Structures are given as structure tokens and as C-alpha cells.
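**Q** Position chain B relative to chain A; hints supplied.
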Amino acid sequence: MSRRNAAIFAAVLLAIAAGAMALAGANPLAGFAALLRGALGGERQLSETLVQTTALLFPSLAVAFAFRAGLFNIGAEGQLIVGGLFAGLAGAALVAPGWIAIPVILLAGAAGGAFWGGIAGALRARFGGNEVIATLMLNIVAALLANYLVVGPFHAPAATGPETAELPVSSWLPVLIPGTRLTISLLLALALAGALSFMFARTVFGYALQAAGEAPQAAARAGIDLRRTALVALTLSGAIAGFGGATLVAGVLHRFNVALSPGYGFIAIAVALVGGLDPLWIVLAAFAFGILQSGSLTMQALAHVPKDVVGFVEGLAILGLSARRIANPREESA
Amino acid sequence: MAELLDFFQLALVKATPLIFAALAGVICERSGILNIALEGGLTVGAFTGAAVSFETGNPLLGLIAGMLAGALLCGLLGVAATRFGVDQIVAGIGLNMLAAGATAFAVVVLFGAPGATPEVHALGSAGETALIAVAVVAALALQLGFDRTPWGLRLRACGENPQAVLSAGLDPRRIRVLATLAGGAIAGLGGVFLSLGELDLYSDGMTAGRGFIALAAVIFGRWTPLGAAGAALAFGALSALQFVLQRSGVPSELMQALPYLAALAALTGIVGKARAPAADGVSL
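If you're matching them up, the sequences are chains A and B in order. When we follow our numbering, the leftmost residue of the first sequence carries the number 1027, and every step to the right adds one. When we follow our numbering, the leftmost residue of the second sequence carries the number 124, and every step to the right adds one.
Chain A on its own, in the form it takes in the complex (with noise of 0.2 Å):
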């Protein structure tokens, strides 16, 4: 989209937007203005809005690292609630000092998400399987199995809603700014934009990922196995959003609960195609969807817009992002 497109296009969302919230019967202005002021109007609007660009911004960079590769991971939701479920048990498991203790759950969470997105990946490259399918059904079985590990065996005894034991203070994910919930996985996921930025400029790996996305037949010729890329990408990517999962239970929660996410897995989609599938531009982007997670209650509670108005303007920009090709027809055997 060239940058004229792009400024038309985000015209026509904001006045969409504005259309809607005097459908409601508010001043757009006033729509406006709340969304900002609860998002970005004090230090406490401002961190709970990093808050959500990190919670995010796991799932974007999952959703862009196996778009690159040519592969609709549209399962970053359920990846990441596995992700966020292993980190909630083996942190309410583990007794160790935090320096061991934050490690392991992080981990825990990104084995998860690796496990649920190796699923589809496994389906893809060995039975060819449609990965979209796959994930879209992953993503609802993740939330069954979530839904009844949590309210079954390891329902917390003392919790009074669908969630595991908390997490050791110990083991909480340490703040940035005190008073916040802004915890030091804003800067993890800063770092691994970076880190993703350098692998798909610099690498031979990133660049292999990447050929098989945009030329599959080329890269199958240049012999690149587009099976083990395959399951490769989408392993990596479930481990990318199944950590963004941990940083959650880690950092926010501080406990495995059922709604862990409000859906950031599918907003990610919108993020990671806002930002162009290059981690740098969706850091920026996970910031703009940050700032209407965070300023959607205060525009609902001051200008008295319905919040659900987010949620419709982000199908609107999805639908609007869909022009740009992403995958390529591929084919495994050849």
C-alpha cells in the first residue's frame, strides 16, 4: 500500500468510526478525545496502554514470523492460551528463587505455544494439511482444554473464578515503572521484534523462511525442504505467541485465569498486517492497537460509546488489509 493509499485508507476507518459513535448518539470529538485520554492521559493510562502493545505484540510478531514464511497461522490465539495455561501450572508448581523460577515459566509458555502451533505445522508438512483449518480448529480446542484444566483438576481451591493457584511473588515478572502492571516483558518483546528484524535481514535461515513464503517452487528447487519449513515456522512461530501467553500469566495476571485474552491472538492478525509483516513497523503498530485496547473503556464510560465500536473498526481494517497478498499456493510434494 503506498503511503497516500494508506493515509486514505486510515481516513475512511476514522470516519467510520466517528459515523458509528454519533450513531450512538455521542460527539465524535468527545469519542475521540476519551479513547486518547484513557489511553495515553497520565503515567498510569500511558503504562496499562504498554501493557497491552506487549500483550500484543507476542502474537503479532507470531502471526508476521509465519506469514514470512508463506503460512496463515491464524491459531497465535490458541497458542498463546496454551502457552499462558503450561506457564500458569508450572508456575504454581515450581518453589525457586525468581532468577530460576521466571526463566522456566517463560519457557514453559513458549514450549506450549510450540507444541499447539507443532500440531499444525506437523499436519502441514506430513499430511499437507490446510494450516488455516488447522489452527482455526486448534484455537478452540485450546480454550476447551484450558476450560477444563481449570475448572476441573487444577481448579485453584481458593480461587473463586476459572483459574489456576497464583504464582509465588517470587516469580512474578518484575515491574518497570512501580505502581504499574508494566513489567520488563515490554522490553523482551522489543528485543525480539529486533531479534526477528536481524534473522530476516541477516540470516540464512530467515532468508530460507522467507523463499519458501514468496517463491516456493524456486526454494524447493534451490533445496530448501519446504516440509521442514513448514513445520519449522509454525513450531517457532506457536513458541513466539504460546511466550507472549507466559509473559501474561507471569506479568498481568499473575495466574493462569480462562480469559486470559480478549482475543489478542486474532487483533494480531490486524497488527501484523498494519505493520507490513516487519517487526520494527508492527512494534509501532502493536502501540496504535495498544492505545484503542486500553482507551475503549474510558471512551465507553466517559463518551458513553459503545466499546464494541473497536472491535467493529478492527474487522473494518482487517477486511481493508486483506488486498495485500500474503501466502503463495504451495505444493509439498513437488
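Source of the hints: derived by calculation from the structure; they are not laboratory data. Keep in mind it's a predicted model, so treat the numbers as computed, not measured. Treat the hints with care, as some may be off.
Partial list, derived from the structure: chain B residues whose beta carbon lies under 8 Å from chain A [unchecked claim]:
1) A249
2) F335
3) A380
Per label pair, the in silico range of CB-to-CB distance [as the list claims (entries may be wrong)]:
4) A:L1216 / B:Q132: 31 to 41 Å
5) B:L184 / A:I1042: 21 to 31 Å
6) B:A360 / A:H1181: 52 to 62 Å
7) A:G1068 / B:G235: 40 to 50 Å
8) A:G1220 / B:V367: 50 to 60 Å
9) B:F131 / A:L1310: 54 to 64 Å
10) B:L384 / A:A1185: 20 to 30 Å
11) A:A1037 / B:A249: 47 to 57 Å
12) B:G238 / A:P1179: 30 to 40 Å
13) B:L276 / A:F1224: 23 to 33 Å
14) A:H1181 / B:Q132: 57 to 67 Å
15) B:L384 / A:V1177: 14 to 24 Å
Note that beta-carbon positions come from the ideal geometry of N, C-alpha and C, so glycine has one too.
**A** Chain B in isolation, oriented as in the chain A frame:
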């Protein structure tokens, strides 16, 4: 005996929206449009049906409006995929989010409180039974139409080899748009069954992933109308079985997960090779 009859009745009620959505999925996919937005089609159908019935007091008008809403949403996917060459999967996800956001928004704006519409005039038990019958007849009719009519052949050709359709002097884009419109209307009818047949109101999230179960049914039914409807019926029976097994200790989540697990198994091809139409999901 009476219990068995109750069970079958419940299974049919649970299966009906799935059958409608699965048939919608078959029509779209056989034409070459992988329609992830079935869930959105159900959602807008259910909401529009209830809202129009509330405003007019006439559930039949609600039914028609619900079908139109479904056709509009899925037709948007058809137009986007054929005229703008968009990625069907991404567009479908966007439409699902749009449908969920727009309906939740409209519930607040139109009815003043979030979450659900007030009770509306529903189709009643006669209407519910009629819609169940329509679902079954539609599956049979579609199968016949697919196998025996020229438009069925064209639709299938469009999903397998759109170039050939073009060579035969027909416009595959037009056929695909028509398929998404027809499929969307049927998905909308499935939504109407939820809000005006099984219940008498719309509430946010009431479709509860049925559009995705329908996608599973399409795969499991190997992209044929009768196969998909049969799979939808089996999934409906599973869902009815949950109520029976509630106190037996079988986790209800496992029962709910079975359709999705079945679809994953179908993807492996172990249970018989399932092959999607060659041009399924390939934008023109």
C-alpha cells in the same frame, strides 16, 4: 423410548443451525471461496432476525432480513475476493470481527443495554419444526442440484478449474459472488434459527463457534452437501449427548472438542482422503 425420542429431537434442534452453516460452507468452497466468515454470517443473521422481529413484530420479516444480512456479509467476501483479489482467509477473519463488533454495538445502540436484545416474537415450535425440515430438504436438494443440474456443474467447475469455466464463456467471478450470496443467505437462516427458532432473542456470542464447527463438518463431509449435512447432524447429536451425559463424569469440554478433533483427523487423511476443491481459497 420417550427419552430416546427426546434425544433425537434435541439432536435435530442442535444440528439444524450447523446444517445450514455447513451447506453454506459447501456452496462457497465448491465455488472456490474458502468462507471463514460463516460464523459472522450466523451472527448477523441471528441479530438481524431478532432486531427486525422486534421492530416489526413479525418474525417472518425477521427471517427474511436475517437471510439478507447473511447474504450481504458473505457477499462482501465474494466481491472482495473476485474484484479486489483479497486474501480470503484474512478477509474472512476481518468479517467475523466486524460482525461481532457491529452486532454488539447495535445491541447497545438499539436496545439501550449491552449483551442481548429483549424477548421478541419468535417463530414458535411450528416454525422451528418447519426450519428443521427445510434444513434436511435443502441438503437433499443441494446434492441433487450439484450432481444433476447445469448450474451445479458450473459451480463445481468454478472451484476446480476457473480457467476452464472462463474458456466455456462463463464468468467464474460472477458465479463465485452468487455462491457467496446464496451461501450467506443460508448461513443467515442458520442464525435466524438460533435467535427466532430455538430461542426468542439475540445475545452476544450466541453462535458460539458454530460457524467453525460447520467448517469442520464441510471437511468431514468431504465437501458434498449430504456429507456435510450428515457430519453436522452427527455433531448436533454430540452436542445433544452432552446434556444426557452431564452427570456421567465425561468432561463436557471433551464432547465439545470432538467436532474440531474430527476435523483435524480428517486433515490427516487417515480416515479416507479428504481433498478440497483445487481452487478453494484461490482468489481470481
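**Q** Does each hint hold? Answer for all of them.
**A** We went through each hint and held it up to the structure:
Hint status for A249 (chain B) relative to chain A: violated, with the closest Cβ pair at about 34 Å, above 8 Å. Restraint check, F335 (chain B) versus chain A: the minimum CB separation of about 6 Å is within 8 Å; hint holds. Interface restraint check for A380 (chain B): the shortest CB-CB distance to chain A comes to about 5 Å, inside 8 Å, so the restraint holds. Between L1216 (chain A) and Q132 (chain B) the beta carbon distance is about 57 Å. The supplied range of 31 to 41 Å is therefore violated.
One distance hint, 21 to 31 Å for the beta-carbon pair L184 (chain B) and I1042 (chain A), holds here, with the actual separation near 28 Å. Between A360 (chain B) and H1181 (chain A) the C-beta distance comes to about 30 Å, which lies outside the given range of 52 to 62 Å. Range check, G1068 (chain A) to G235 (chain B): about 31 Å between beta-carbon atoms, so the 40 to 50 Å window is missed. For G1220 (chain A) paired with V367 (chain B), a C-beta distance near 55 Å keeps the hint of 50 to 60 Å intact.
For F131 (chain B) and L1310 (chain A), the hinted distance range of 54 to 64 Å is satisfied, since their beta carbons lie about 56 Å from each other. Between L384 (chain B) and A1185 (chain A) the CB atoms are about 28 Å apart, so this pair conforms to the stated range of 20 to 30 Å. Our hint of 47 to 57 Å for A1037 (chain A) and A249 (chain B) holds, since their Cβ atoms are close to 51 Å apart. The supplied range of 30 to 40 Å is met by G238 (chain B) and P1179 (chain A), whose beta-carbon atoms lie about 31 Å from each other.
About 53 Å separates the C-beta atoms of L276 (chain B) and F1224 (chain A), a value inconsistent with the hinted range of 23 to 33 Å. About 34 Å separates the C-beta atoms of H1181 (chain A) and Q132 (chain B), a value inconsistent with the hinted range of 57 to 67 Å. The hint said 14 to 24 Å for the Cβ distance between L384 (chain B) and V1177 (chain A), and at roughly 19 Å that hint holds.
In summary, the structure is inconsistent with hints 1, 4, 6, 7, 13 and 14 from the numbered list given earlier, while agreeing with the others.
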